[in-house]
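2 protein chains.
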Amino acid sequence: MDLSQELALGIDIGGTNTKYGLVNHRGDIIEKGEIRTDSFPTIEEFVEGLHKTLSPLIAKAGAGDSLRGIGIGAPNGNYYTGTIDYAPNLHWRGVIPLAKLVSERFGLRCSLTNDANAAAVGEMMYGAARGMKDFIMITLGTGVGSGIVANGHVVYGHDGFAGELGHTIIRHGGRKHWSTKLDGSLEAYCSATGIVLTARELLAASNEESLLRNFSDKELDSKRIYDCAIQGDRIAAEVYRFTGQILGEALANFVMFSSPEAIILFGGVINAGELIMAPTKLHMEKNLLPIFQDKVKLVFSELKEADAAILGASALVWEMRD
Amino acid sequence: MDLSQELALGIDIGGTNTKYGLVNHRGDIIEKGEIRTDSFPTIEEFVEGLHKTLSPLIAKAGAGDSLRGIGIGAPNGNYYTGTIDYAPNLHWRGVIPLAKLVSERFGLRCSLTNDANAAAVGEMMYGAARGMKDFIMITLGTGVGSGIVANGHVVYGHDGFAGELGHTIIRHGGRKHWSTKLDGSLEAYCSATGIVLTARELLAASNEESLLRNFSDKELDSKRIYDCAIQGDRIAAEVYRFTGQILGEALANFVMFSSPEAIILFGGVINAGELIMAPTKLHMEKNLLPIFQDKVKLVFSELKEADAAILGASALVWEMRD
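Taken in order, these protein sequences are the chains called A and B. Numbering of the first sequence is given in my numbering, commencing with residue 1 and proceeding in unit increments. Numbering of the second sequence is given in my numbering, commencing with residue 1 and proceeding in unit increments.
A couple of the hints might just be wrong.
Claimed, not checked - Only pairs whose alpha carbons sit at most 27 Å apart, straight line, appear in this in silico DSS-like list of lysine-lysine: (1) A:Lys181 <-> B:Lys286; (2) B:Lys223 <-> B:Lys19; (3) B:Lys133 <-> B:Lys181; (4) A:Lys297 <-> B:Lys181; (5) B:Lys295 <-> A:Lys100; (6) A:Lys295 <-> B:Lys181; (7) B:Lys286 <-> A:Lys176.
FYI, nobody ran anything at the bench for these hints, they're computed from the structure.
Please work from the sequences and hints to get the whole structure.
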């Protein structure tokens, strides 16, 4: 390990696993690992468990010398307060002052935000948004997350909760979201879950032959729909075309809000590549005013999906203001 | 005139008239006036005309001593470049380097932005957004304009064109905009023009008695629709209820983007008061995630409409960085 360099500790908290990594300024992960999130009944035990696991690593890294601080990405993480607020995917309830607890236990500065904002900071520091001051990152996974950067800073809003673009309404009176109950939100269509629902709707609406009919409701997922689409299945291809159309329409609205240099797409859904990118770009451009057309770069993330969360969390450390 | 105070010269350029005013830090307009925009065939003649009119005023104000600079609000004004780019309402064509021309002719620093952004800066400096770092200003007039402030700064985007919220799509496949040709944009419904179109549609859709039927198509305007609504006319009231619903839905999307402390409404349409405010608030709250509900202040501008443009333009001067 190179002891002469500055390092940041990035921690990404998920419902099942918590991943961590020591990262340098270039975005190289020097060392990484994970612990089970759900094996700690209380937050205090979790922080203690983290400390026990990470202490040897921190000692190796040279402690106060080269380790600049700890960055945490967590669901419902609030940058201003350093708390995790009522995260539905975590078993700890209420408002959790995690940044404070970690900072006190480790004796290091700690910054916390939600996972989508952390991903945006990671992309700005190490990925496709290097050098950009205005961009939007959209994560298309189980849900649809987003991180917005304007004037070189993450837009947190007055309360720390800005950037919930997955919950904006794109189809008035459209598909009801299974959890938020909002009608016609972006996430209801463009998440992996939404894509499967679109496939089921299209299958139910006709008797047309489709490879998708070989799968049970339980087996049908966005990956299998993609596989069928590249085998030439018409309904499967239509699922991605429709998903891209909705996404493109939503992106046009976002562009007219903050006029970003780029929109960066991330998450499992983008494995579909051009199948989703082509209709997304088409419908984004179609719904833009002329002054915005053919200007916004629509690109995929340059961070490896497995590492992105750790990198994003670690990047918060370089953002800390003295 | 108090010569001991610092002053800013605010200039608001409209298609017909150009208004100007000398403004102090408190937002008092010390002196104001206007010249015809359209009486100057070229931009050079316009700048010369401005200079001739304003020189005595500037001399009285004590020139370099107390006059800090010039701020200009103009349609399609670009903050980064100081240019007016292809403004459809002005008779000068192409890209006009107005900030440079004015700065050179007057020997004073000059900052320029579009009228909606200027209004937002004015509201932050002198009006309802004093002390706020995150808010959105929506102007409901002939068109629908917007200025967005995040982290204490106007969001200009990477090219200076951010904040075109009037052109975001709120109804997929909805009413085609008379000028942009986009389907279902906010401006197509919530501008004064859109409100009249809604009234015509409702009148055409039934034979129900309505005071609105006393007016010819030419006579029908948002003011008359308001007058009929407060006289108890059901269709006129429905026009404003529907307008508020669309506006509220759009505001919910904007809130989930930048989580502002307040949304400030401005422009002729807000003279309808509660008639538009009540349905707007109802439908905004209805379409928000719980974490955003009952938090965003929805308020009317505190600036007099006649002075707001001058105040906004002048406020750009206090924003200038040395």
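Now the hints, each set against the structure:
1. A:Lys181 <-> B:Lys286: Measuring from Cα to Cα gives roughly 11 Å; hence the hint holds.
2. B:Lys223 <-> B:Lys19: Between lysine 223 of chain B and lysine 19 of chain B the Cα gap is close to 24 Å, so the pair holds against 27 Å.
3. B:Lys133 <-> B:Lys181: violated, 34 Å
4. A:Lys297 <-> B:Lys181: The hint holds at about 24 Å.
5. B:Lys295 <-> A:Lys100: Measuring from Cα to Cα gives roughly 26 Å; hence the hint holds.
6. A:Lys295 <-> B:Lys181: holds, 20 Å
7. B:Lys286 <-> A:Lys176: holds, 14 Å
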